[in-house]
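Peer 1: Each chain, written out:
Protein chains: 4
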Amino acid sequence: MAGNSIGHTFKLTTFGESHGEAIGGILDGAPSNFKLDLEAVQLELDRRKPGQSDIVTQRKESDTVRFLSGIFEGKTTGSPIGFVIENENQKSKDYSHIKDVYRPSHADLTYDKKYGHRDYRGGGRSSARETASRVVAGAIAKQFLQHLGVTINAFVSQVGTIKLAGDLTKIALPKQENDVRCPDSKVAQEMIAYIKAIRKEGDTVGGVVFARITGAPMGLGAPVFDKLHADLGKAMLSINAVKGFEYGSGFSGVEMKGSQHNDIIQPDGTTLTNNSGGIQGGISNGEPIYFRVAFKPVATIMQDQDSVNSKMEKVNVEGKGRHDPCVVPRAVPIVEAMAALTIFDHYLRNKMTQI
Amino acid sequence: MAGNSIGHTFKLTTFGESHGEAIGGILDGAPSNFKLDLEAVQLELDRRKPGQSDIVTQRKESDTVRFLSGIFEGKTTGSPIGFVIENENQKSKDYSHIKDVYRPSHADLTYDKKYGHRDYRGGGRSSARETASRVVAGAIAKQFLQHLGVTINAFVSQVGTIKLAGDLTKIALPKQENDVRCPDSKVAQEMIAYIKAIRKEGDTVGGVVFARITGAPMGLGAPVFDKLHADLGKAMLSINAVKGFEYGSGFSGVEMKGSQHNDIIQPDGTTLTNNSGGIQGGISNGEPIYFRVAFKPVATIMQDQDSVNSKMEKVNVEGKGRHDPCVVPRAVPIVEAMAALTIFDHYLRNKMTQI
Amino acid sequence: MAGNSIGHTFKLTTFGESHGEAIGGILDGAPSNFKLDLEAVQLELDRRKPGQSDIVTQRKESDTVRFLSGIFEGKTTGSPIGFVIENENQKSKDYSHIKDVYRPSHADLTYDKKYGHRDYRGGGRSSARETASRVVAGAIAKQFLQHLGVTINAFVSQVGTIKLAGDLTKIALPKQENDVRCPDSKVAQEMIAYIKAIRKEGDTVGGVVFARITGAPMGLGAPVFDKLHADLGKAMLSINAVKGFEYGSGFSGVEMKGSQHNDIIQPDGTTLTNNSGGIQGGISNGEPIYFRVAFKPVATIMQDQDSVNSKMEKVNVEGKGRHDPCVVPRAVPIVEAMAALTIFDHYLRNKMTQI
Amino acid sequence: MAGNSIGHTFKLTTFGESHGEAIGGILDGAPSNFKLDLEAVQLELDRRKPGQSDIVTQRKESDTVRFLSGIFEGKTTGSPIGFVIENENQKSKDYSHIKDVYRPSHADLTYDKKYGHRDYRGGGRSSARETASRVVAGAIAKQFLQHLGVTINAFVSQVGTIKLAGDLTKIALPKQENDVRCPDSKVAQEMIAYIKAIRKEGDTVGGVVFARITGAPMGLGAPVFDKLHADLGKAMLSINAVKGFEYGSGFSGVEMKGSQHNDIIQPDGTTLTNNSGGIQGGISNGEPIYFRVAFKPVATIMQDQDSVNSKMEKVNVEGKGRHDPCVVPRAVPIVEAMAALTIFDHYLRNKMTQI
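In order, the protein sequences belong to chains Y, C, A and X. Numbering that gives the first Met the number 0 applies: residue 0 is where the first sequence begins, and numbers increase by one. Numbering that gives the first Met the number 0 applies: residue 0 is where the second sequence begins, and numbers increase by one. Numbering that gives the first Met the number 0 applies: residue 0 is where the third sequence begins, and numbers increase by one. Numbering that gives the first Met the number 0 applies: residue 0 is where the fourth sequence begins, and numbers increase by one.
By construction, these hints were calculated from the structure, which means they are not laboratory data. None of these values were measured; they are calculated from a predicted model. Think of the CB as a built atom: it goes at the ideal place given N, C-alpha and C, for glycine as much as any other residue. Take these hints with a grain of salt, some might be off.
[Claimed, not checked] Facing chain X, a subset of chain A residues (Cβ under 10 Å, in silico): (1) A39; (2) H96; (3) D99; (4) R102; (5) H105; (6) D225; (7) F244; (8) V253; (9) P287; (10) Q304.
Please build the complete structure, drawing on both the sequences and the hints.
Peer 2: Structure, rendered in structure tokens:
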């Protein structure tokens with residue numbers, strides 16, 4: 000009800016503010032007797048952490064996850080998996096410059112009016128730091144899915160106006176991600192150069208993350224309100240800074256005719272085209288699932304801006320601190336995590352379809 | 000769990016197949032002691048029904064809603080509102096041509112594999128007929144919202160490649176909708192002509208519905224997973240044929256810089272621009288909420304197509320029956336209904352934020 | 000949220016007031032491709048209906064269920080099962096004697112204060128008539144359970160001070176239920192005579208329903224809050240007029256020592272005794288599950304009583320109408336239905352325990 | 000779904016095994032801007048902890064709660080309250096005597112069969128240690144309720160066959176609890192002596208906790224499945240070792256006639272008697288709410304017992320360790336906590352009844 004949980008059968012609940020004691024979560028519904036690779040979880044978390052390259056925020060946070068329950072002798076027990084990531088140095092910071100200020104396009108004003116009391120330190124609960132907990136849970140979901148033969152990959156397909164061309168559903172992925180997490184190294188260089196230039200201006204820019212899921216069995220998704228793409232869409236739209244979601248042909252499908260758009264089914268069950276994005280009637284059809292997620296430019300810029308304070312008086316907001324000039328490189332593991340949570344939740348739900 | 004419910008506090012559960020006995024639903028959580036205009040509900044349902052103009056399907060269904068509970072002496076009682084819409088002539092149809100056939104880009108194959116047993120008559124549960132129940136519930140939600148000063152309007156902004164230009168957040172809406180439900184009568188004429196031409200080809204085409212919500216108070220939405228736009232997105236993506244959702248600056252915001260995209264807050268609490276689409280940090284900020292919903296071309300076309308039957312043998316699918324050449328005109332009241340359900344659910348949830 | 004649903008995976012939502020248009024429900028989550036015996040559902044409903052013997056209310060209601068969806072060619076489709084039971088003659092009654100009166104130990108006062116508007120006709124939503132919808136859904140659950148080898152039987156073990164003696168977990172059940180649904184025909188005769196005498200006084204009396212479930216596999220129930228007996232307890236306590244629930248040794252177990260109470264496990268997995276009532280740590284252990292449900296005397300008596308009206312003025316409440324002098328005979332199928340819904344919900348949930 | 004959460008609007012999810020790293024939980028839905036007394040929470044936890052008197056287990060656990068989020072500058076923020084209680088010395092214990100043994104009337108066998116993998120250390124997730132997390136959350140709920148004028152008190156009314164006589168709904172409570180938490184000091188002495196004698200035998204005994212709630216406003220509870228007493232019952236039955244729940248007249252009400260049992264309403268809205276236990280039609284009527292909870296004798300006894308090992312071979316289970324001879328004294332704060340969580344959840348839910 001308060002919006003801190005996602006999933007029905009495989010359910011993640013998170014807690015924590017960016018500068019409180021710690022963040023963390025409870026992952027409930029993980030099947031038992033499954034060997035987990037906890038180092039792989041930490042590696043996934045490292046893909047999201049600040050300071051990993053020179054085009055992301057230079058804040059230093061080690062982001063080490065500690066598991067408190069639900070795992071015994073290396074295997075899941077079926078009990079809820081509780082975990083925490085301590086916040087470091089959270090007490091030493093000075094927040095006087097934002098304490099009474101509502102920053103433009105941040106959640107400061109809306110939180111204060113909704114709750115009547117706000118943790119103003121670094122965005123509090125509205126900070127994207129919360130997504131670290133999602134990456135932990137998503138990394139666990141990925142291991143279950145891997146066991147089932149399902150692979151989830153996301154990458155950056157656009158930064159500002161620089162776009163990756165061609166059929167992204169089939170683009171080869173390098174073994175090693177580059178700093179911007181765009182699989183085409185030439186385009187990646189352009190993106191990196193652009194992000195650096197933007198950062199020099201004290202500005203920020205948006206981007207698109209493209210995700211594809213292969214090996215998902217037919218039958219995932221529920222027909223009406225919990226269509227697979229509806230749940231994927233909600234999961235993606237719940238990530239900070241996301242403004243749009245489309246799957247399969249998406250917004251461009253609008254301009255097509257039915258005779259072009261229809262995916263002809265072959266005797267082997269595959270389809271000639273995949274405008275459906277691997278989902279028909281809300282249910283996976285065994286083809287690759289793919290979708291695009293639009294991220295706006297980060298609201299925190301290194302420029303002065305007009306705004307108001309908590310008395311609704313005009314003030315100047317200083318641009319300071321260490322922030323991402325473009326959020327999409329670090330968003331890639333978050334998109335993958337949310338996809339993994341959604342797909343595995345529907346995998347478990349599908350087990351109840353037939354007696 | 001089985002995906003037939005939406006909403007937390009104001010919750011709709013629907014039932015029914017396109018050619019079963021009846022469709023209907025239970026709307027649970029409607030506040031009590033509220034005078035409902037049941038004629039207004041029927042009028043809203045009439046906006047969705049087949050046969051209302053010559054650019055939609057010519058099927059004849061009267062779609063009359065009958066309320067069974069939850070309303071007494073014209074007012075809500077706080078008990079669940081049960082309602083049914085009888086399906087007419089559902090027994091007389093001949094379905095032999097689709098009984099064993101999996102139509103392209105339909106849910107036939109995925110349903111059959113998921114459930115092992117399928118109501119093949121007219122799509123069964125996967126038919127968009129189910130959305131009539133949503134319109135009933137949404138029309139009730141609209142009345143609660145109207146009482147609170149919240150207005151929801153949707154219209155068609157694109158059909159195929161024909162687009163409405165200008166700032167759609169401010170476009171004037173005519174008192175009377177035209178057949179295609181596009182507020183600009185000149186563009187509407189183009190759209191109508193195009194749809195007629197497409198129909199003549201036995202083909203179909205996609206479109207976009209634009210929605211805007213004014214008067215929503217600040218504070219709606221929950222911070223993390225149930226961000227207001229995440230729940231709106233899921234609600235829209237759950238509508239048949241939807242391929243994408245974006246709000247505020249959406250996918251075009253990707254190309255903007257932070258310094259352009261940020262909405263500067265004024266001392267009166269409004270913002271200079273509204274790239275946020277009325278939602279900041281997942282919570283409404285009092286500005287108009289607006290979003291776009293992409294609909295693919297209808298899968299049922301009046302042309303022969305290749306496909307497979309339930310034995311996975313190659314077959315020809317005949318194009319026959321009476322179907323919409325373009326779904327967006329009839330989708331307008333459905334988009335409004337889903338928006339109303341989502342907004343009012345969050346209105347009720349927000350009542351619990353402070354003691 | 001509004002309390003009209005029960006179950007997680009196999010979920011029933013009901014609607015309807017005693018004297019509205021109709022009552023009914025939506026059963027969501029029924030596994031697909033399962034042949035249902037709809038006549039058996041109606042027979043179960045007949046066990047609950049008024050007028051079936053001379054110790055229950057003499058009201059005439061045919062209680063015929065009509066299925067609207069979710070069943071095709073005799074088998075479940077996995078879509079929600081919508082059903083209605085029309086209320087007969089609901090418009091002809093005269094309620095002037097209770098319209099503005101709050102009857103003692105009824106929900107009249109609490110509903111009016113909670114909702115600000117009340118359907119005063121025959122109790123409205125608080126009427127036990129709502130339980131007919133539960134019996135429909137429970138009868139479907141029973142068929143799934145029967146397929147799995149699980150049997151649920153309830154019977155009357157006490158009326159007023161007349162109690163069935165001996166080990167009720169092993170008492171033989173007759174093929175044909177008698178009017179009071181007590182398996183010992185001698186005790187049944189006493190109970191029937193007592194109920195008739197009570198009715199002659201214009202009074203009512205309470206009773207106990209004993210239920211036992213055999214064949215339930217090991218592993219049903221979730222460890223912490225959704226312990227199998229906690230969900231059974233809630234399901235029973237949700238039935239009108241229930242005041243208490245105990246399982247296994249129950250309240251009498253309080254007086255035992257651990258060395259007596261412990262159920263010694265045998266090499267074949269059974270236990271020497273069954274004080275645990277078939278549930279250990281909230282999870283079924285394969286032994287018979289059994290519990291007792293206490294029903295208070297019906298609040299509607301055929302005697303004059305003091306009370307207040309809606310202006311909180313003293314009034315006399317007339318005893319009139321046709322009501323049950325003792326609720327337990329008709330409660331037996333309701334107890335069975337709620338047990339079946341709970342057990343089958345946990346059966347489905349248990350499918351997700353291991354990958 | 001996995002049963003580790005309780006509550007709809009005010010929702011507690013717990014994690015943790017008795018001998019894992021830590022236990023804890025997330026309390027979601029706490030209203031914002033409310034000053035919390037965190038010392039009072041710790042004091043409540045101290046009422047539950049081991050070693051507090053010589054009639055409870057002599058294990059030493061400090062049970063110190065650490066709050067990680069949701070509280071800022073002493074006040075709730077509306078964000079989820081995450082908390083942990085570290086388990087001390089959890090690694091030093093020797094569990095070889097129970098590793099492969101299924102103890103009688105414990106959850107060892109059922110967990111192992113359900114999950115295929117079990118944390119055998121001290122009961123793991125099935126240990127009553129989990130209830131410490133409930134006491135933390137319940138202590139927070141109590142503070143909200145105190146602010147609203149609602150008081151919750153529980154006490155021990157029976158140990159073995161020693162019962163507190165008289166009208167327990169009106170018994171005076173001493174300022175200071177005695178070791179057994181029975182308000183009558185003479186009966187308390189008997190109980191204490193009995194528990195000591197039982198412990199000397201290496202045995203255990205059951206008991207009853209009586210709870211009463213005063214000051215609850217009219218209108219709490221939802222009519223059908225979430226009746227206030229149904230949710231209270233489930234909450235109580237979810238506590239380890241509970242075998243029964245009754246409210247108001249309970250099982251003894253069975254023997255009463257309607258004319259005796261009915262609570263006559265007075266012009267001031269109170270009732271002459273309170274056989275209803277403060278709840279009519281599932282909704283609080285403003286009278287004191289009271290109920291009784293039956294606890295079985297603790298399964299761990301200091302005597303040798305027959306049982307089986309994980310190969311289902313006959314074995315002898317040694318009686319060793321430090322355990323409670325009678326659980327009810329320490330159960331009192333747990334019962335209060337679960338009552339507080341349930342009542343406050345319904346308080347919040349009731350805010351949505353009228354617009």
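Peer 1: Against each hint, give a clear statement of whether it holds in the structure.
Peer 2: Comparing the hints with the structure gives:
no., hint, result
1, A39, "violated (24 Å)"
2, H96, "violated (16 Å)"
3, D99, "violated (13 Å)"
4, R102, "holds (9 Å)"
5, H105, "holds (7 Å)"
6, D225, "holds (3 Å)"
7, F244, "holds (6 Å)"
8, V253, "holds (4 Å)"
9, P287, "violated (15 Å)"
10, Q304, "holds (7 Å)"
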